[in-house]
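Peer 1: Spelled out from the first residue to the last, the chains are:
Protein chains: 4
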Amino acid sequence: MTRASVRIGLIGTGRIGQVHAAAIAANPHAELTGVADVFVDGARATAARFGGIATDNAEELIASGQLDAVLIASPTPTHVDLISASVEAGLPVLCEKPIDLDINRVDALLPKVRAASVPVALGFNRRFDPAFAAVRARVAAGEIGSLEQLSIISRDPAAPPADYVGVSGGIFRDMTIHDFDMARFFLPDIVEVSATGSQLFDDGARTHGDFDTAVTTLRSSCGAIVSITNSRHSAVGYDQRLEAFGATGMLQVANAPTSLVSLSTAAAVEAKPPYQDFFLERYAEAYAAELDAFIALVRGEKSDSPTYEDGRAALLLADAAQRSATGGGTVAVDLGFSAVAGAA
Amino acid sequence: MTRASVRIGLIGTGRIGQVHAAAIAANPHAELTGVADVFVDGARATAARFGGIATDNAEELIASGQLDAVLIASPTPTHVDLISASVEAGLPVLCEKPIDLDINRVDALLPKVRAASVPVALGFNRRFDPAFAAVRARVAAGEIGSLEQLSIISRDPAAPPADYVGVSGGIFRDMTIHDFDMARFFLPDIVEVSATGSQLFDDGARTHGDFDTAVTTLRSSCGAIVSITNSRHSAVGYDQRLEAFGATGMLQVANAPTSLVSLSTAAAVEAKPPYQDFFLERYAEAYAAELDAFIALVRGEKSDSPTYEDGRAALLLADAAQRSATGGGTVAVDLGFSAVAGAA
Amino acid sequence: MTRASVRIGLIGTGRIGQVHAAAIAANPHAELTGVADVFVDGARATAARFGGIATDNAEELIASGQLDAVLIASPTPTHVDLISASVEAGLPVLCEKPIDLDINRVDALLPKVRAASVPVALGFNRRFDPAFAAVRARVAAGEIGSLEQLSIISRDPAAPPADYVGVSGGIFRDMTIHDFDMARFFLPDIVEVSATGSQLFDDGARTHGDFDTAVTTLRSSCGAIVSITNSRHSAVGYDQRLEAFGATGMLQVANAPTSLVSLSTAAAVEAKPPYQDFFLERYAEAYAAELDAFIALVRGEKSDSPTYEDGRAALLLADAAQRSATGGGTVAVDLGFSAVAGAA
Amino acid sequence: MTRASVRIGLIGTGRIGQVHAAAIAANPHAELTGVADVFVDGARATAARFGGIATDNAEELIASGQLDAVLIASPTPTHVDLISASVEAGLPVLCEKPIDLDINRVDALLPKVRAASVPVALGFNRRFDPAFAAVRARVAAGEIGSLEQLSIISRDPAAPPADYVGVSGGIFRDMTIHDFDMARFFLPDIVEVSATGSQLFDDGARTHGDFDTAVTTLRSSCGAIVSITNSRHSAVGYDQRLEAFGATGMLQVANAPTSLVSLSTAAAVEAKPPYQDFFLERYAEAYAAELDAFIALVRGEKSDSPTYEDGRAALLLADAAQRSATGGGTVAVDLGFSAVAGAA
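Residue numbers (UniProt numbering), protein chains in the order written: chain A, 1 to 344; chain B, 1 to 344; chain C, 1 to 344; chain D, 1 to 344.
No wet-lab data here; the hints were simulated from the structure.
In this text the structure is predicted, and so the values were computed from the model without any measurement.
Calculated lysine-lysine pairs in the BS3-like style (CA-CA distance at most 30 Å, straight line):
| # | chain 1 | residue 1 | chain 2 | residue 2 |
| --- | --- | --- | --- | --- |
| 1 | B | Lys112 | B | Lys302 |
| 2 | D | Lys272 | A | Lys272 |
| 3 | C | Lys272 | D | Lys272 |
| 4 | B | Lys272 | D | Lys272 |
| 5 | D | Lys112 | D | Lys302 |
| 6 | B | Lys272 | C | Lys272 |
| 7 | C | Lys302 | C | Lys112 |
| 8 | A | Lys302 | A | Lys112 |
| 9 | A | Lys272 | C | Lys272 |
| 10 | A | Lys272 | B | Lys272 |
Which chain B residues stay away from chain D? Per the calculated CB distances, all over 12 Å, these:
| # | residue |
| --- | --- |
| 11 | Gly42 |
| 12 | Phe50 |
| 13 | Ala89 |
| 14 | Ile103 |
| 15 | Gly204 |
Just so you know, even glycine gets a beta-carbon here, dropped at the ideal spot from N, CA and C.
So here's chain A without its partners, still in its complex pose (with noise of 0.2 Å):
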């Protein structure tokens, strides 16, 4: 409590950026120090709401020395030069995902992120979720015994706009990113890849040549296997749902509730409104939560942050999805956890 907050400077005062604004408003060890954006009109709106410095320049903020730590909220393209910059200022870094569409672009910057002498963290919200946070946690508690499959579903309210789906790399990259990482929270070891993709309702995804509908089934080294279905729209509202079956059980997350009323006539019972309308509402408490991991991160305390490493594996997953989907088959994978120490 005595400890001085973590000076953070936001970086992207888009959608997801206004979040970490606001998370870092209200939590009392951090404190928004500075705000960059190329369009400075954004920053300096955010900054006036949020507090800091106002700025269009990211580099001059990260060398500014007024920062404990950076958060990156800028568009993809931008993510690996700021992790870069960041690193090199001795900053610590929370990085929205993905890192970047290219992987050849994450692998180019693994030796320096792996030499720095500060952590590099990446922004998959969903582990810190209460619901799935307290599943993984009973999963390893043995509430159900050993894991054998994990079903996912994941299916987005609407479509994004279609100029959006035209740079967001594809489906896999952009929306099943978070469920391969939510495979990961639980069965790190992902050796197996098969996805199928369709083109059904969405203008965007067919423009683009993009899916809006898929399945892919994972495989983990141990043999369990992880089934995720997304949609890219969905009329009963934001599906997020996660069932972890056991030898001896098994542990379900379903669709948070928006009212506790039912309401039952002579035509239907028990009928309740539609669920929640995005990730703002859903995953409030897990954006809170991220960042606490973060400032405890920066602070050198024990953390659950996801790493820069898991930001790899994820993409690595959605470039063998993609390439699964688009003809390739049954695509195996290896993430290279033999090689990089604690990653499991």
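Chain A is already provided as a structure; the job is to place chains B, C and D on it using the hints.
Peer 2: Frame of chain A, contents of chains B, C and D only:
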């Protein structure tokens, strides 16, 4: 299996008589030996479908020497005389509820029933419902500690015909009587009754000065409190729930689903089809188990059949509720269990 | 947004005072200007955390000229005098329930409250719970037709300290009073009360001649019947449910889940973690919304804050229930709504 | 009602044969005329209980002239010859799944079945389950818009004996075959199969090189994707769920509860008893409805019985899944529906 079937004479072939005839025909240990109804066509049709001889004379059937037991499903005013004739003939009886609408007639027959060499069972079918019976067994096994509150919700889908309401004895003697017995299934020694009734929607109730809506509170000698919620209609289907609340937990009986299917749309999620239509569907298993218990009783085996005393107790509670709801305030009752060996 | 914050003086810094202090501090339209408590250390600690000056003298705070409104969260016996002083000072009041344990003192203040130029609101927070408020709005919108039965289950996790029971005024005035107000939220004009209480498990209740278990039935002037089920303990957690049964359907409020996770094993399926601990968690949103309504009231805007008359009506029902449960049978009540303009 | 009963000859009196014998005996429109089993004692016991003559010679029973139809429930290797003999004898056939483990034998018989004057139905009982059938009808009625994803979870309570595994044809041909048919119940024209299998817990699977855990993905010609999750064991009981996800909503089939009772304690709330033991309980209604459909087929009435072609299609999918899961990647399939009139 090799024991002879119990030869049963059925009196009354209305709706509930049909239920019993079908149950007897389907039971490998029972045989429908004779069917009596003053409307002899009803007796003939039932006998043709489920077996046995048909007659319009119940007394002759009872005295025929062809029976091992009698099942009385005729109109309520005939019950006392038919029970009397049956025990005189040395035949065990299963009589539909209520014994009679007049407690004086019930009491007048009591000594004869107590002195009889054959048992008289009452048709409180809900005791044999698997869910209610399971809750009682689990309460007895201590799963929720000492029972403190029992909440019963019992709503019929639709009000009976106005003519029936006029001869029904009122909602407490006709409908709540099942719930009084259910209360005593858990807490036999009720000592206090308080009831509130309203006439809200049913023309039959209005015409005959009856209630269509009622809430009744019972107190057991041990202090446990029972709450009974009744309505003569229910738009969502037959509403039959129970909650046993104890010192260390609670056991709840939900309404029976009519389907495993639920629908989720943008308007509402997890909506299920309405509940069952009525008691024939809801309590089908209970009627079969009720007959099994009666057969065991006839054979002198261990049996859980409710007794004539149970029927009398339920009527005493109904009378007290009627008095309470019509200006009598809280009514003390003495079900006389100190005098009745084994009644609780 | 640009309007000045409402400057609130908080009196009382016990458990519920803390809830209000935190709500005021978190509300962008309110400011904690002063905190009074006869235990001045409590006032100081609260002021240090949430703002404002600290004093042990509530009257001085009220008379300070620094306030726009008063929030009374001190012990019940102080309420009447503090309300009186506040309205004399021309300050709107939000007072915790109950107004007083003695209806005569409540009635004595009534003319002054009615004549006052400022409003007096009562702290019936549950009206502001999103689920209960939604049910009331949906009933009003006709989703279940005419309201016929209202069932409220309200069980605290654990009995209060024995000392508290001794000064609480009894279960009906202390605990059920929330449910009486909830009943009147749906059916303002209650005309009849019948209550049954038992002393089953709590030593405090035994010592002080109170009940720890109670069932209360209310009848509205329109004939609708309310059933309230209370217990001073609940092994499964805070148990707060409501069912509105109408001519064409029903609306139900379930207990709030504490997790989205369920466990299925060979022993039991779909088991969820226990319900919430207590009212602070369950009604967190309600306390915030209650404050919003009070701020609107202070500003002369449209507001749903329950009134002093509502507080008086709930106490009249509690008194009637106490009388009924201690030998008074069914008790007629006249909440005097014909004389109170706008009361429902 | 007045039409003559369909005289059925049953071949095979193992577990599934017993199910059919009981269904025939209980069906008012069917009669068990003869029972054949090479273990003649089984035939005799079944005939003694459910009716008909007993023989160890199935061919003689088929040729007896006493039958209107044949129901084949003998071991899989006998199916093709018995179907052949039956259609030669001009008798309609209901044959248990799978037709055979060898697609060549199935194809060899195909011309004869197509040319036959009598229909051959396949025992895909799950199509007749009220819940699955209701979902299909509601999807067809447009309740969820265009069907985009179908998720099937199908887990047996416990692995079969190791000996059985050895002759079962493997998990895809033995167990998943039901799910392949269920997939085709909704989406007949499957064009692509991808499967992943593991050997995690079952010694029988280990011994015989089979999988005990599998996830299979199918793609329909319309682009809809099916996900099938299988396990040979399930600690929570028979796990049979389905989710149809469409453009405007979803329909879900839950596991069948074995009781209406739930238990809440300080440890866990709303815990229900485990699911049903196995298919006999879960699909009891389905077997009766399957027989009804077959009787209608025999009588030349409108019938929904799955066909020999459906049996062949399921086997083609099982073969493709086996190939995929053993190194074959994604396998294209051609179920030949362009050539088979009315098959979809």
